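A.B. asks: Residue numbers (our numbering), protein chains in the order written: chain P, 1 to 111; chain A, 1 to 115.
Treat each hint with caution, since some may be false.
[As the list claims (entries may be wrong)] Distance windows between CB atoms, simulated:
1. A:PHE28 <-> P:TYR92: 16 to 26 Å
2. A:GLU59 <-> P:SER26: 10 to 20 Å
3. P:ALA17 <-> A:GLN42: 19 to 29 Å
4. P:ILE56 <-> A:THR115: 35 to 45 Å
5. P:GLU20 <-> A:GLN42: 20 to 30 Å
6. A:LYS41 <-> P:LYS57: 21 to 31 Å
Treat the hints as calculated values from the structure; they're not laboratory data.
Remember, predicted model here, so these are calculated numbers, not experimental data.
Each residue gets a CB set at the ideal place from its N, CA and C atoms; glycine is no exception.
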Amino acid sequence: AQRVTQPEKLLSVFKGAPVELKCNYSYSGSPELFWYVQYSRQRLQLLLRHISRESIKGFTADLNKGETSFHLKKPFAQEEDSAMYYCAPVVYNFGNEKLTFGTGTRLTIIP
Amino acid sequence: GAVVSQHPSWVICKSGTSVKIECRSLDFQATTMFWYRQFPKQSLMLMATSNEGSKATYEQGVEKDKFLINHASLTLSTLTVTSAHPEDSSFYICSANTQGLGEQYFGPGTRLTVT
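One chain only, chain P, in its complex shape:
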């Protein structure tokens, strides 16, 4: 079955330390993958997408087709990075597309 896995429900990292939030997927073909973030008391918002290969707020994510992974990384964590992070592949189905969210990882940055 197609699915996305975020193995860590909770992750605590000291400020200034590197961050890696793991995401593995099992979709066939070439999925389009996104990372969404939800800060405290805010709505869900896009953080980055793999096809643009951009860096947002210092975060990057590389699609590794061999390992079927799309881990989110940041070299130096900041306190404002504390949030809920969701890995989400887009599934295309007869012209419609839908996001399938992973279970999410709550990242806490320790001052």
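Chain P is fixed; fit chain A onto it per the hints.
C.D. replies: Using the frame of chain P, we list chain A on its own:
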């Protein structure tokens, strides 16, 4: 830009009554809107995909007669929870996108409590 609003932000209703939740794209036309449900400390679960002017596509296990979705215009979709029961209490979130972009813009969510 790309703001999505939801109304109401929270609602309490009695068991057996129906409640309607609105989702609006404020500054863009949304060809597709999505409705999600989120239980406490859990991820978002897609309930249905709604295209303007056509019937919604429901995910497996979601009762279409219970969760009525109407997408009458390119800026408005509504979710009506009919004959609500306490187990329908949840956080309902909508999102919208424009065709082909993949990125979805999320509303702030509506907390429904059924007593």
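A.B. asks: Which hints from the list above does the structure break, by number from lowest to highest?
C.D. replies: When the structure is compared with the hints, none of them turns out to be violated.
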